[in-house]
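Asker: Read off the chains here:
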Amino acid sequence: MKQNNAIYSIINSRRYFRDSERFVRRADVESEEGGCGVTGFACNIPVSGRHIYEPSVQMHNRGNGKGGGLAAVGLTPNTLGVSQEILDSDFLLQIALLDESVVPEMEARFIHPHFNIHHENFIDTIDDYRDIPGLEVRPPVVKRYFVRVKPEVLIDFQKKRQLGMLSLDKVEEEFIYQNTYTLNLSLYSSLGEKRAFVLSHGRNMMILKIVGYAEQVAQYYKLDNFKAHIWIAHQRYPTKGRVWHPGGAHPFIGLDEALVHNGDFANYYSVSEYLKQRNVYPLFLTDTEVSVQVFDLLNRVYGYPLEYIIEALAPTSEMDFDKLPVEKQHIYRQIKTAHIHGSPDGPWFFIIARTDVRNRQFQLIGITDTAMLRPQVFALQKGDVEIGLICSEKQAIDATLESLAREDARFGKVADRYWNARGGSYTDGGSFIFTVKEESPGHMGLTCTDKFGKVIDVQHDQIPYDFTKTMTIQTTDMKLPGDVFNKLTQGDIYGSFLYIKERIASWEYIDIYTLLNNLTSMAASNSHKDAIIGLLSMLLDRRYATGNKRHRSILQMLLDALESIFRSVPLLNVDTAPQTYRRIDFETRTMLRAPSEAEEVLVADANLFQPEGDDSFARLLSDAYSLGWKRFICFGNRGQRFLGCGFGPNSKGVVIDVYNSSGDYLASGIDGLEMYIHGNAQDQLGQIMKSGKLVIYGDVGQTFMYGAKGGEVYVLGNAAGRPLINAVGKPRVIINGTALDFLAESFMAGDPHNGGGFVILNALTFDSKGNVIPQDVPYPGSNIFSLASGGAIFVRDPFNMIVPEQLNGGEILPFSLRDWELILPYLKENERLFGISIDEHLLTVEGEKRHPKDVYRTIRAAKLSVLSGSASKLSINEEWVAGDHVLHAILPQSGL
Amino acid sequence: MESEQRKFNFPDVIRTPSRFRHTLGKYRIVINKSCNNCGLCVKLCPYGVYTKGVKRPRVVCEHLCTGLSCSKNSYYCVAKCPERAISLTINPSFEILGDKRWTADLLASTWHMAETGEAPYQDLNYKTGDSNGGFDKIRFVFPKKGTTRGSHKDSDIRQKDVTVADEEISTEIELNRSGDTRPKITIPVPFYLGGMSFGSVSIITMLSRVRAAVAMGTFCCTGEGGYPDELTEYDDHIITQVATGLFGVREETIKRVRIVEFKYAQGAKPGLGGHLLGDKVTPRVAHMREAVEGSALFSPFPFHSVYSVEDHKKHVDWIKQTNPNALVSVKVSTPTDVDMVTVGSYYAGAHIVQLDGSYGGTGAAPDIAKKNIAMPIEYALPKVHKFLIAEGIRDRITIIASGGIRTAYDMAKAIAMGADGVCLGTADLVALECIRCHHCESGRGCARGIATTDDELTGLMELEWGTQRIVNMYTAWRLQLIDILKRLGIKSVKELVGRFDVIAHLDYIKAGEIEGELD
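In order, the protein sequence lines correspond to chains A and B.
Each step along the first sequence adds one to the number in the numbering used here, with nothing skipped, and position 351 is 351.
Each step along the second sequence adds one to the number in the numbering used here, with nothing skipped, and position 74 is 74.
For the record, the hints were derived by calculation from the structure and aren't laboratory data.
Everything hinted at is true.
Result set (DSS-like, lysine-lysine): computed pairs, CA atoms no more than 27 angstroms apart in a straight line: (1) Lys-491(B) / Lys-383(B); (2) Lys-529(A) / Lys-652(A); (3) Lys-255(B) / Lys-693(A); (4) Lys-255(B) / Lys-652(A); (5) Lys-55(B) / Lys-33(B); (6) Lys-630(A) / Lys-255(B); (7) Lys-386(B) / Lys-184(B).
Some chain B residues near chain A, calculated using beta-carbon distances under 8 angstroms: (8) Leu-246; (9) Val-292; (10) Ser-308; (11) Asp-317; (12) Trp-318.
Here are a few chain B residues that face chain A, going by a calculated C-beta distance under 8 angstroms: (13) Gly-245; (14) Glu-251; (15) Lys-255; (16) Glu-290; (17) Ala-291; (18) His-304; (19) Ser-305; (20) Lys-314.
Don't be surprised by glycine CBs; every beta carbon is placed ideally from N, CA and C.
I would like the entire structure built from these sequences, with the hints used as guidance.
Answerer: This is the structure:
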């Protein structure tokens, strides 16, 4: 009861804000919508704010300078001019001054009477904002105060607001919260002219926002040398053009948390009503603001643990709910009953940065909506430094790591793990948390957990390579191991790969480095370039045991080696002897020409190209194709999109290899060409593709092959949400992993045995030694093959874990010999591409080889009455035909 | 600012009567047996209602009779008949024809225009319907007869009645106003024809519309069912529709055309995707869409790859990459934040935004969704127009209004309320003699062989006939538009955009206070 009373008393203490509603007029509030991209990372060492913007700097057209903001948590005391103690215990009140003359009044009313100020200053900026190219609006002056509430003020507040049953530290937190609210109300909302508002007030946390590009915040406020453990940022996409001050921009604050948000929800009013019932009256009228207010309410007022807060925001339902343990079901049901109206409905993805004062830790939290409508990627890297990243796109993660690695080589360019969350699931709860906390005196550590507290970690028994060390090759003229050299020169790429694969676990990094160095030199001198690129790609793509070496370090070495080889290819405009390979990059893009006699392969460097538009990398490729090029190697990708689009019909014979971090929409609309993506792929791949071959050596993102008409597709890893949705015709796809949910919804691909399409779902993954192992469940989602009217899914499900409740109009049938004969050729190609053996991996269950019919199951469409031509409708016409004379009398005399 | 009048060769009007023996008309003429076959009525009637007959004259073109108002004319057959054998009454069939939006008068007027290329002379109301709302409550305020209006609001200066030649009035509009590097496209009439998919309508219907659009120098949209091969020779005048089911969308159908349209939503059923019920998924339709014959096709509501506004920009960029020259049009319904949606589309790179209001037609929709959900177009248009002006981007995007534009007057009103042009649908079908019986969704339900792919019913219409009917109707519309512009003293339809001062809403005016003639 005491707990309840504490909650009630805080809520009650805010009843004085009821009147504030009438001060907030919608017309006055210039708030923003949605969001373009959100990004965040948490690191066990403080890092500079510059790195949060690296991805944005590359992609200037993502936001267009209409608003950006960032938050930093876990700051460094000396750059702020305070001691660690003050930084830890004081509230960092940071206020944006839109009209500097307000300072005396503001301080007289809201600062001096209440607070002991331990430090204050105006944030340093560059002299003239116009020196930053493209920054059109002067960012606000920002003043910062480190404060604690004066004890007598606190006691007085506690008495007046009847907060007697709260401990003084909680009273202080509530005071800060209410003081900020009153300040915002007085100096921002209720006036015609906005004069000031609080950017942030949490402990060890600060927020800045401007009307401009996100990286301009860092430039203007001189954050390049400002370091923090956690950074989050948001770049705004404008649906409303004119904003002259950044009050409505993200991030928004609760108390000690900052939230950025990608998406939009439909029930803003419902959530606002829910908040108003608890005396929380939003001032900025955006979904982002109410989201973080709900978070603060559940966290600080209700005192819920993080797991329950996540559940309230993204409730578990359908099959996921059924799979929860019974005690959790009881609790979750209570949470839903009490808080469902505060749960945002629609596409949303939140990134929250916060200081968890009582547990003396900082946290970066990503939460995704239960229908998986927004893309999100999480990544983890641990070595000498530990970092967790959350972004809307994988390529943004890679760009951040690259930026960090350039400054500090303890960071690797490749993360140890990348994954997607499954919103509202029983598996991970749709949320992952990176916690930074002191593990030993003076040393912070980072831990990654999901909603339920399960730890996600790296292989600590594998040591990453220290790229800060300059590698000295011990024997400069060490030849390639003879066998490798022989096989390569004979063109036996697979043989040379096998040789290395069998030994690499026992090699040291230096051995790998030496080998790669020799291969690079060989290839640069044009000897067996094809075979070497093929070998290195295979080492990149396949999974194998790496012994005590961290896989990502090997990947980084391979990527560096490949880049080195690609860069050594002569540029198109360089005069040399006839070359098979020619290179083109951003600087030389205007020199694009048709291939001459000997030239076959165009090596295209994506660096510096726009991700889309008339001057994009994708346009370069389609232009090159129309000039006659057919073989492409695309490297240096940093999120470039649409590769392979615009090639038009009948592009058979074209082969495109893609390396590094490719972007969205690759291979959409292709008709005949082959594309090989050496790594993870992003969202909207293969949309409407008609024919051709697509191979992805990794995972693939959202709405894969939406509306596809055909194609032969092989995916090594997992697909995200809604793969193959609305696909028709004859696509033939193998997904060796599984999908998040909504696989093959509205699939209409005819009869698979008669030229139609199908998906083979193998539900496999790899362990840390590169062995093929089955996933925990073949399909974790609640919806498979919903509303489909054609095609089939052949799923590897030897333990019959897929149940009819997961279908919505499909039916599970026994897998027939005829089905096996249909898919066998594709499985053979799958084996050739990925090394997933039919006999050893697919047909072997728990060590025992089985007959295909005991391993695979078939899902086909059942005849749905809602989809079939209904007899009752036909009867109208049948009457017409039969009873002509009857109708003739009724119809007007129109000569029918 | 005079716009350059392109010398576009508008097609000729060719008289194209109904394909059926008796065209439905407003009046019923019966000659009883007291007739002595004197043949006077045949000689008198200037409209060609009668021809000679063996026993008595035959009433061959009832629909051309000008009606009861003819009683003031000297050639009024009823009065002149020596035997008083002619009876002229309202056709009873006419009274049950039509509905409040498409009244019998509007249907018959449209048929008349489709036959003759001219507005009806009969006493048919060809300007407004009977819906008691929407465009039917809005009137133009023309200067009183004998005066013309200056282009400015302060028309105290009454100018002399200057006769302006039709050729000097410009009805053209520009579709790409963004200032980007993609081609400019000017169409000589301020409209193009909306998407009706193959499957929802027959190939003859589709081709008639397309060829009429070609003749009028404008465009016709494929609808969401794919791009039949028969359309290929008209590529330059086709708009490929990319709808949420992505049916029939392939790179070549995107690359061939000059305009690509994203159909996000449809005014008739906002929140729902396209519907093609099982009966209409015939083998040919299934083949075109690569789907399963006999199985209903529901397009999803959202594009599954677009769940937020930046996804929308990515989507537009994808089309722009696939076709470096095409213009992009975005068709949306009219939710309450339609102004924000429009601005968002502009920043996503759209050249044209088509606002499809709630009066729009559909071949199939669940009863629960039919109409009256989205904002009516006459609310949406001024809202969007004014918002874009405030944002400073009104002149960089083309706004097209659609959904229940039935007449040249609806079209002109829509433009006066803020649209640059309109997109048309049902009107075309009425020109092809649709009687609005609402049986479109079943496979063999269309009485006129328009909304069907059944071979036998499709055969009810001939391609040349269909093409010319639509050409005639739009010719009549264009002449009416020119007339409206002349009466307002405007020389170009571009100057009519957003002229709220020349229209009035009947519910909000006091009759005596209007200076001018309401029409």
